[in-house]
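Asks: In the order they appear, the protein sequences are chains G and U. Each residue of the first sequence is one higher than the one before, counting from 1 in this note's numbering. Each residue of the second sequence is one higher than the one before, counting from 1 in this note's numbering.
These are computed hints drawn from the structure, not numbers from a lab. No experiment lies behind these values; they were computed from the predicted model shown. Certain hints may be false.
What the hints assert, rightly or not - DEER-style ranges, computed between Cβ atoms:
no.	chain 1	residue 1	chain 2	residue 2	range
1	G	N43	U	A112	18 to 24 Å
2	G	S214	U	A286	40 to 46 Å
3	G	T139	U	E89	28 to 34 Å
To be verified - Non-contacting residues of chain G with respect to chain U, defined by C-beta distances greater than 12 Å in every case (computed):
no.	residue
4	K13
5	I101
6	H108
7	K142
8	D152
9	K182
10	E238
11	I265
Positions of the beta carbon are idealized from the N, C-alpha and C atoms, including for glycine.
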Amino acid sequence: MAFDYEQYLRPGKLPHIWCPGCGHGIVMKGLLRAIDTCGLEKNNTAIVSGIGCASRLPGYVDFNTLHTAHGRAAAFATGIKMAKPEMDVLVVGGDGDGVAIGGNHFIHACRRNIDMTYVLLNNYIYGMTGGQFSPCTPTWAKASTTPYGNPDPIFDVPKLAIGAGATFVARTTAFHATQIDKLIAAGLRHKGMAVIEVLDDCPTAYGRRNKFRSVVDMMKRLKEIAVPVKAAAHMTPEQLEGKVLTGILHQEERPEYCEQYQQVIARAQGA
Amino acid sequence: MTRILLTGNAAAAWGARLAAVDYVPAFPITPQTEIIETLAEWIDGGVMDSRLVTLESEHSMLTAAGAAAVTGVRVFTATSSQGLLYGMEMLYNLAGWRAPLVLVNVSRGLSAPITLEPDHNDVLAARDSGFLQIHCATCQEVLDNVLLAYRLAEDSRVRLPVIVNLDGFYLSFTREPVEIPDPVAVADFLPPFADLGQHFRGGQPSSQAVAVLGGGPYSYFRYQVHLAAEQAAAVYADLGRQFERHFGRLYQAVEAYRCDDAELVLVMIGSFATKAKVAVDRLREAGQKVGLVRPLLLRPFPVAELRRLLGQRKGVAVIDQNLSPGRGGILHAELAEALYGLAKGGPLLASFVGGLGGRDIAEEEFLQIVEVLSQAVQRGSAPPPRLLFTADELQQVRRLQDIAHGSREGDDAS
């Protein structure tokens with residue numbers, strides 16, 4: 001039987017604001033399937049976002065949701081998790097929101113290893129404001145503020161998350177729709193900070209400036225650049241040129257922040 | 001001299017281009033983004049000799065702007081709303097550094113609730129920072145006042161950063177005929193940046209932004225900012241006359257529209273004042289003695305001008321596109337203070353709050369405001385403060401609340 005998305009959608013909130021061809025809807029459906037797979041309770045689940053196209057997602061879904069300030073989603077989510085450690089907390093946001101203006105909150109959430117699941121939809125651009133370059137816009141790609149090409153190097157989001165201390169880091173793309181829910185579900189089951197980067201497409205603000213003739217071209221590119229980590233182990237550096245690794249890139253056990261904090265309380269009470 | 005159609009944002013970008021700015025730190029935010037996109041196109045295309053870098057936030061953007069300005073170059077930057085507030089810490093710093101840069105703010109209401117459309121709470125949050133503030137009502141004013149702002153900021157008697165404000169959407173995205181001044185004439189009016197000893201030079205070590213220990217030095221430097229800001233009123237008056245000689249358009253700290261014999265006067269800032277002018281014209285045709293007073297300068301606050309223009313009127317209605325919860329309209333409070341202690345007690349003051357979050361103010365509402373003011377004058381007592389808000393709007397809010405309530409019911413059923 002087809003998956004019933006309606007049970008998780010707020011009545012009267014559709015149509016969504018995303019452009020035709022945008023992959024955010026694919027990610028939203030994957031997110032809902034993952035939540036369903038893990039059996040998360042609506043009332044015990046909080047979904048937090050900052051500002052941007054991806055940050056509109058919580059408005060459509062029927063959970064406790066918080067649409068906050070640009071870049072601040074991880075800080076808001078930390079507040080929720082500290083106040084109500086029993087809640088399942090998710091963050092949804094874009095690349096500009098998460099690793100530019102919100103970069104500091106992002107790395108510190110990773111460092112604390114607080115138990116939340118951060119789904120970062122990387123569409124390589126500030127889409128909502130019309131296509132300015134972000135820290136994930138590929139070098140020499142075109143954006144509205146770099147009409148002759150972007151000279152900046154990029155953030156590799158999983159490397160950033162691993163370096164900062166996240167204990168579950170995965171990546172997939174909007175093309176790999178069935179992998180999205182599997183990875184988000186694995187992140188939800190993981191105790192600690194889980195970061196799932198989903199490479200996405202923005203035909204309106206990125207594609208049309210960068211010689212993608214259609215959404216299909218953008219999806220084909222996502223298909224072609226993705227290499228599963230296991231397959232990559234057997235490939236040469238030359239073969240991996242221009243590719244991105246997908247799947248679970250990093251997973252380790254490390255004390256989770258809310259539990260550590262409980263120990264502080266226990267020590268104080270014991271003293 | 002030809003006039004072309006420009007949006008308020010494009011007019012701001014033209015101001016920066018004609019001012020031959022050296023550096024533009026940038027960060028996108030609606031409704032400002034078109035300014036930095038326009039400048040990026042010109043700079044990357046070689047039309048404009050400058051550098052533009054997109055930083056990772058408005059906080060970094062304003063930090064870079066201030067640091068660049070005190071190394072001795074002309075700096076331009078632009079933001080809106082949440083961006084201005086995110087950079088708020090740096091606004092106070094830049095004023096304290098006496099960094100003479102120009103920041104265009106495209107007004108937009110503040111979260112929460114989230115909105116994209118304009119009111120003035122964003123720019124008024126910067127009121128006490130030490131930045132000077134010029135509020136524009138037309139696209140031409142935006143371009144001209146960016147040029148005036150550089151003269152004002154860089155003047156040796158002032159040496160303070162300046163915000164040039166325009167309303168999001170109503171001005172930022174509205175095309176109006178704008179005369180683009182001749183670059184040669186602009187170069188004559190606005191000479192190259194003079195650092196006045198504020199620079200980084202090898203062999204001439206200097207420290208910027210030092211810490212002081214104790215309230216004495218702090219009081220001295222903070223009060224210097226105040227004195228410089230007060231000086232800016234006379235400097236703007238002088239620059240306005242110079243600008244008129246160069247370009248034929250006069251700017252003064254306060255615009256008085258059909259005020260000569262006016263008994264009742266509307267007071268407001270920004271682009272909505274152009275709607276008020278239309279209402280004033282209608283009322284004049286009907287024989288009513290009504291005028292409009294529009295401060296362009298909000299910092300320094302043109303107290304003497306406002307006392308002169310408003311002190312003898314029967315009634316004054318202040319229309320605030322902002323709200324200080326627990327107090328009311330900010331401009332109303334400032335004006336009441338400015339008019340305090342007049343010999344004959346001054347005019348009757350009425351407060352209206354409208355145009356929050358981009359809500360329109362209809363011509364009929366201006367007529368209604370004048371009617372309420374007129375009755376108050378006859379009665380001899382000020383009316384209670386009033387929010388411009390209609391029954392239809394309340395119904396619309398109720399419908400939205402019903403939708404939100406409906407989704408909660410769905411939740412209960414599941």
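Asks: Is G:K182 truly not at the interface, in the sense that its beta carbon sits beyond 12 Å from all beta carbons of chain U?
Replies: 25 Å, holds
Asks: Can we confirm that no CB of chain U comes within 12 Å of the CB of G:E238?
Replies: 33 Å, holds
Asks: How does the Cβ-Cβ distance of G:N43 and U:A112 compare with 18 to 24 Å: does it lie in that range?
Replies: 23 Å, holds
Asks: Would the least Cβ to Cβ distance between G:H108 and chain U come out above 12 Å?
Replies: 15 Å, holds
Asks: Please confirm whether G:I101 is truly not at the interface, meaning its C-beta sits more than 12 Å away from all C-beta atoms of chain U.
Replies: Label violated. Min Cβ-Cβ 4 Å, cutoff 12 Å.
Asks: So G:D152 supposedly isn't at the interface. Is its beta-carbon more than 12 Å from every beta-carbon in chain U?
Replies: Answer for G:D152: violated, closest chain U Cβ roughly 8 Å.
Asks: Falls inside 40 to 46 Å, the C-beta gap from G:S214 to U:A286?
Replies: 60 Å, violated
Asks: Holds or violated: 28 to 34 Å for the Cβ distance of G:T139 and U:E89?
Replies: About 31 Å separates the Cβ atoms of G:T139 and U:E89, which means 28 to 34 Å holds.
Asks: Would the non-interface assignment of G:K13 survive a Cβ cutoff of 12 Å against chain U?
Replies: Non-interface label on G:K13 violated, nearest chain U Cβ at 8 Å vs cutoff 12 Å.
Asks: Taking the shortest Cβ-to-Cβ distance between G:K142 and chain U, state whether it exceeds 12 Å.
Replies: At roughly 10 Å from the nearest Cβ of chain U, G:K142 sits no farther out than 12 Å, so the non-interface label is violated.
Asks: Taking 12 Å as the cut and beta carbons as the points, is G:I265 off the interface with chain U?
Replies: The assertion about G:I265 holds, with a minimum of 32 Å to chain U.
Going down the numbered hints, you'll see the structure goes against 2, 4, 5, 7 and 8, while the others check out.
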